[in-house]
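Line order of the protein sequences matches chains A and B.
Residues in the first sequence are numbered from 12 upward in steps of one, following the numbering used here.
Residues in the second sequence are numbered from 607 upward in steps of one, following the numbering used here.
Keep in mind that the hints are not guaranteed to be accurate.
[What the hints assert, rightly or not] Here are the simulated DSBU-like pairs of lysine-lysine, each with C-alpha atoms no more than 30 Å apart in a straight line:
id: 1; chain 1: B; residue 1: Lys831; chain 2: A; residue 2: Lys148
id: 2; chain 1: A; residue 1: Lys148; chain 2: A; residue 2: Lys89
id: 3; chain 1: B; residue 1: Lys785; chain 2: B; residue 2: Lys878
id: 4; chain 1: A; residue 1: Lys46; chain 2: B; residue 2: Lys878
id: 5; chain 1: B; residue 1: Lys1030; chain 2: A; residue 2: Lys89
id: 6; chain 1: A; residue 1: Lys150; chain 2: B; residue 2: Lys693
id: 7; chain 1: B; residue 1: Lys785; chain 2: A; residue 2: Lys150
I should point out that these hints are in silico values taken from the structure, not numbers from a laboratory.
As the structure is a computational prediction, the values presented were derived from the model and not from experiment.
Listed below, chain by chain, are the residues.
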Amino acid sequence: MTHRTSPWELIGEMPVRETLESGLEIVVLPKPGLKRTYATYATHYGSIDSHFRPDGSDAVVDVPDGIAHFLEHKMYEKPQGHDVFERFAELGAYTNAYTEYTSTTFLFSATSAVGECIDTLLRLVEEPYFTHDNVEKEKGIIEQEIRMYLDMPGERLRSNLMHALYQKNPVRLDIAGTVESIRTITPDDLYVCYRTFYHPSNMVIFLAGDVNPDAVIGQIADHERTRQLAPHAAIERIYPQEPAAVAQKRVEQRMPVATPLWMMGYKDDRVGLVGRDLLRRDLTISLMWSLLLGPSAPLFNDLYEEGLINERFSAHYSSATTYGLSQMGGETPDPERLEAVLLQRLGSEPLLPRSFERLKRKEIGEFVALFENLEELAFAFTAFHFRGIDLADVPAVLEDISLAEVEQLRQEHLRDSMRATSIVLPLATNR
Amino acid sequence: MAWSNAQDRFVGEWKDGVAFYVYPTRRFKTVTIHATWIRDLSTVDRSKGATLAQVMRQGTRSWPTRQLMAARLEDLYGASFRADIAKLGDKQLLSFHITVTNGRFLPGQPDTVREALDFLTQVLDRPYLVDGVFPRTVVEQEKTLVKRQIAAIINDKGQYAMSRLIELVADGQPFGLRKLGTEQEVDQITERDLTTFYQEVHRGAPFVFTVVGDVDADVLYQHVKERWGTSRQEFSAVVPYQGRHQNQTVVEAQDVRQGKLNLAYRTGRTAKSADFPALVMYSGILGGFSHSKLFINVREKASLAYYAYSRVDPALGLLMIGAGIEFNDYQACRSIIEDQVAAMRRGDFTDDELAFTLKAYENDILSEEDSPGQLIGRHLEYLLVGGGHQGPDLIAALAQVTRDDVVNVAQAIDLDTVYFLTSKEVHES
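Looking at chain A on its own, in the form it has when it is part of the complex (with noise of 0.2 Å):
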């Protein structure tokens, strides 16, 4: 076995990492001290890969709005006897998943029987079992889990904002899905995609805990082995061509809010790239929002003062390899105002040299504390990892980026036609 092991002395962590025969990768990073041991299973497969070409077929399928998002809930499904729910319970460890536009994760935690709930974590996730009635029974479920998202004004707004910004790209639907879509949903749906995207080679293991990197990994590899799985050929995803132009300008709900909701977004149409190339396109555009809009900029000072935004207010990009957008917004009592001032001053706010030096140095502080919480780190390792980024490189990227990029990108990223606006409204009798 040849691990790799990167440098990072000085934040004094030690990832080791391994790749099967399979196409599997993982990564243990030791922690001594901590009580807890956190493993996420992810699959590089979300909401968005709904249209593809299944192993050795030609035929491209296509499956129902919210299926992945119903596949994590169904994998947690066995056969009488096999229940991981309850085999978790036993070993007193937690565990959940979580869907995303591009990736489903499966994880546990636990403060013992690190072995058998790594063993459950492998069963958990490469033993599928639909059946007609199983998967009928979820339906109500999800359609709960569902409208219980249609009465949070937040989710609201930035559900309505994906549809504004993305004419075609599959982002721009919920994740869960929707009450009818999630209705048409059969066994044999979810077996197409288990097999298309639950393969090790499209899959990667993350564990940080007080334990021994080599027994992990060897207990891994050896069960691997037992399944016999051979390297896929790459997936062919079908993604339709976005335009570069948004679907709306601006989309209105009103809900029983206090005070008015309010987001806007842009769309990168710069997309397509991976690894350090989108680690450092993402940086930047992070850092000149923190610059633009960050609690320290004069801009925010001002929408502050004027009491158009409360201190929650935030922008952030966020992208992966298919997709990347600006969001930014919060609450407002006047939302036509607030845009006004923000489109006034976005793209002419001046960038300067020392607040950009001090922005660095918070990314480095925020970077450090990030290895002390292993559910955010599990986070950021897979979604790196899918984007073909290695944590590794965040300090040495973000040294390396200067004003001038920033600025270069504000002027390419910042542009009115891909630009929209989610505002979510009071109903008229509260107000």
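Using the hints provided, position chain B relative to the given structure of chain A.
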């Protein structure tokens, strides 16, 4: 004091109205410092507390504006600072927290901990005043934001329904009061009132100071003694709930897509009670985890909800249940929930349920030790409830609980109030 050799446990004392507790450890990459003033919750000044917490993060004498404070925190390697209002039973907590990355892990090894402590001290002791009072523009600006926050409670339906339930149970007692007060109360606050209120709280309110991280407890103790060591008011423990209602049911309607069903039960016990660990086990078996009765029966078997849980308020001695459901499933869901409570009363739970619950708590409690914020939170709760068990000690107490103990506490659990938030259309038809 000689606490310099202590590791991985809280050391400190509670004397003259000042609770000083430090958890020295090398497990973390950050240091978290937390300071809290405690007030009895009342309609007279709760809104002043809420406004004060906001105003105090708008400027100190060293960094007179919000913007300069924000820049200072960025300079401190992105230290995070919060000033907020929390509620525990009938207490209002004005809390100030700062978390900073330990300089040991940063280029040049700066002493970030000392600077973070200095920042927090400036916030508490040297707020920015003009002619001896908080600047009017700042106070007015923050009053507006507090009023918006008060109104925003309707945005989160699950939280709103739970807060309505507590109000109905309390029926005028202080623990039912909302922690931020009302818009009318905020309107009446002047910058002079707020300054006087600050001076009173700063001088005399019971004060809790807690730190988790790689620090020297003796050095911190000196700092606290010098700054805040003068005699302060003694803290009075939270008053538990004495039952008032029998099956009170309240249904309210709003423009919502999902109904929220919440139930409150009296338990007759608080964290101080000798058999409180049995109540904790009871709640765990009923609805604390995904192997629990509520999750299995409401969600997995009947597919009526995405979430269904129970939890115990250790200060008030209330057991609360919550579920998000279809409007028309109100009766069905309520029956399933009440059936599970009845099953508990009959002792109708397996040894596995008991064993799984113990293990799940063990996992939860040990996991708290990996999070500075949770370590501080649970220690604060332990102090304010005025006793009981916490941490590994609580695990040991839970392990002693027998089936009979659980059945015994189950006998005393009585339904107090049910609150159902439904949709306008369904309610009117």
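Do the hints match the structure? See the list:
This hinted pair does not check out: Lys831 (chain B) and Lys148 (chain A) have alpha carbons roughly 61 Å apart, beyond 30 Å. About 14 Å separates the Cα atoms of Lys148 (chain A) and Lys89 (chain A), which keeps this hinted pair within 30 Å; it holds. Between Lys785 (chain B) and Lys878 (chain B), the direct Cα distance comes to roughly 24 Å. Compliance with the 30 Å bound is thereby established for this hinted pair. Of the supplied pair hints, the one linking Lys46 (chain A) and Lys878 (chain B) holds, its CA atoms being roughly 27 Å apart against a limit of 30 Å.
For the suggested pair Lys1030 (chain B) and Lys89 (chain A), the alpha carbons sit about 40 Å apart, so the restraint of at most 30 Å is broken. Restraint check for Lys150 (chain A) and Lys693 (chain B): the C-alpha separation of about 38 Å exceeds 30 Å, so the hint is violated. Note on Lys785 (chain B) and Lys150 (chain A): the hinted pairing is violated, with a Cα-Cα distance of about 39 Å set against a maximum of 30 Å.
In this structure, the hints that do not hold are numbers 1, 5, 6, 7, in rising order.
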